[in-house]
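For the sequence shown, counting from 1, position 285 maps to 545 in this note's numbering; every step adds exactly one.
One or more hints might be untrue.
Under the rule of at most 27 Å between Cα atoms (straight-line distance), these lysine-lysine pairs were calculated in the DSS-like manner [to be verified]:
hint : residue 1 : residue 2
1    : Lys444    : Lys495
2    : Lys332    : Lys386
3    : Lys348    : Lys330
4    : Lys496    : Lys386
5    : Lys472    : Lys448
6    : Lys330    : Lys472
Please keep in mind that the hints were generated in silico from the structure rather than gathered at the bench.
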Amino acid sequence: MMNNQLNTPELRILLIKLRHHGDMLLTTPVINSLHQHWPNARIDVLLYEETRDMLAAHPDIHHIYGIDRKWKQLGTRGHLAKEWQLLKTLRKQHYDLVVNLADQWRSAIITRFTGAPVRIGFAFNKRRSAFWRYCHTRLALVTNHTTLHTVEQNLTILEPLHIEPQTNVSMCYSADDWQGVEAKLAEKGVTGSYIVVQPTSRWFFKCWDENKMAQTITALQQDGRTIVLTSGPDKKELAMIDTILSACPTERVISLAGQLSLRQLGAIIDHAALFIGVDSVPMHMAAALQTPCIALFGPSKLTFWRPWQVKGEVIWAGDYGPLPDPDNVDTNTKERYLDAIPVEPVVNAARRLLS
C-alpha cells in the first residue's frame, strides 16, 4: 500500500531535522539515498534557520524551510503567527512523504499537519505515546541505535521504505565560496599548499591546551608547512586563536578566524593538504570532504560522533588518561579533557598523513 502511495512521477518529499550544524551535515546520507531512489523527486528540508548554510548548496535539495528561533522575540502572538504561517505553507506543498528525523513534539505535529499520506518517524523510547504514533503512519525501530554511528542511526529511518542506503556525507559549497576564500588567502600571502587548524569548539571542554596546539603548529612550521588557523566568530574562540598565535613563530602562519562563512570554511578545508581539529563541525566537514584529517577527541561518544569515513586518524584522550562518562559531563565546565593528549602523537600523525 505504501509503495503505491509513493508511485507518482512528481513525488514530493519533506525531510525534518531540528538540531545543530553537525547534525544537519550528517542527515545528508538520507537525502542522498532518497535522491538515488527517486531521482526526479522534489526533496525539501525543514530545519532551524541558523543551520541553513550547512545544506544550502546541496544540489539535490529543492527548497529549505527554516524555523527561526528569533521568532520568540516577537512575543507570543507574533511567534504563533510565524509558526501558523509555516504550517500552512508546508501543508500547501501537498507532500507525498515526510521523513521526520527529529525527536521534538513540534516535529511530530508538523509531520501530521502536512497531511502527507506517508509519514515516517522514529519509535523513540521517550516518545511511546498514542499521539506520537498518530502523527506518523510508520515508525522505524531504534533498538540498535546505541551501537550505531549517527549516520547509521539516521539511515535506519529508510527501512520501512526498503531503500538502499547511500552512506556518503555531502559537504557542499559553491564556486563563489572558494573564490572568496582564494582572495582571502592571497591577501595573506598564501598561494600554495596549506594546513587548516581549527582548535576551537563552542564547547571548551572539547578543546586542547593552547600551548600544545602552538607546539604542534611550530613543529609543522619548522617542516616548511603553512598553517591557516580558523574558528567561529565568538570572542572566546578568537581569544584562544590569539593565545595560540602569540606562542608560535610568525612565519608561515595566518589566521582567518571568524572571517569565513560555513560554506567558505568547507571550501578552505576541501583544498587543504591536512586538517587538524577537535570534535566539532569542521572535523565532520573534513571527513565528508575526504581531506586528510587528525581529529582530537575527548569525552564525546565515539560510537556516535567519530568522523564518519574519515581519511586520517582519531586521537582519543582516553588512551592517555581517564575520562568522565560522556553523559555526566557539565558542558560549561572549564576542564580541558583533551589536555591528556601529548604533542608528539599529533605531530607524528600529521607527518604521516603529509608524507
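Original post:
Taking 27 Å as the top limit, are the C-alpha atoms of Lys332 and Lys386 close enough?
Top reply: Given pair Lys332, Lys386 holds - Cα atoms ~26 Å apart, limit 27 Å.
Original post:
Between Lys472 and Lys448, does the CA-CA distance stay at or below 27 Å?
Top reply: Roughly 25 Å between the alpha carbons, so the hint for Lys472 and Lys448 holds.
Original post:
Under the criterion that the straight-line Cα-Cα distance not exceed 27 Å, is the pair Lys496, Lys386 satisfied?
Top reply: Violated - the C-alpha atoms of Lys386 and Lys496 are around 35 Å apart, more than 27 Å.
Original post:
Are the Cα positions of Lys330 and Lys472 separated by 27 Å at most?
Top reply: Judged against 27 Å, a Cα distance of about 38 Å means the pair is violated.
**OP:** Starting from Lys348, check that the Cα of Lys330 is at most 27 Å away, please.
**Re:** holds, 20 Å
**OP:** Measure nothing beyond the straight line between the CA atoms of Lys444 and Lys495; if it is 27 Å or shorter, mark the hint as holding.
**Re:** At roughly 21 Å apart (the allowed maximum being 27 Å), Lys495 and Lys444 satisfy the hint.
In summary, the numbered hints that this structure violates are 4, 6.
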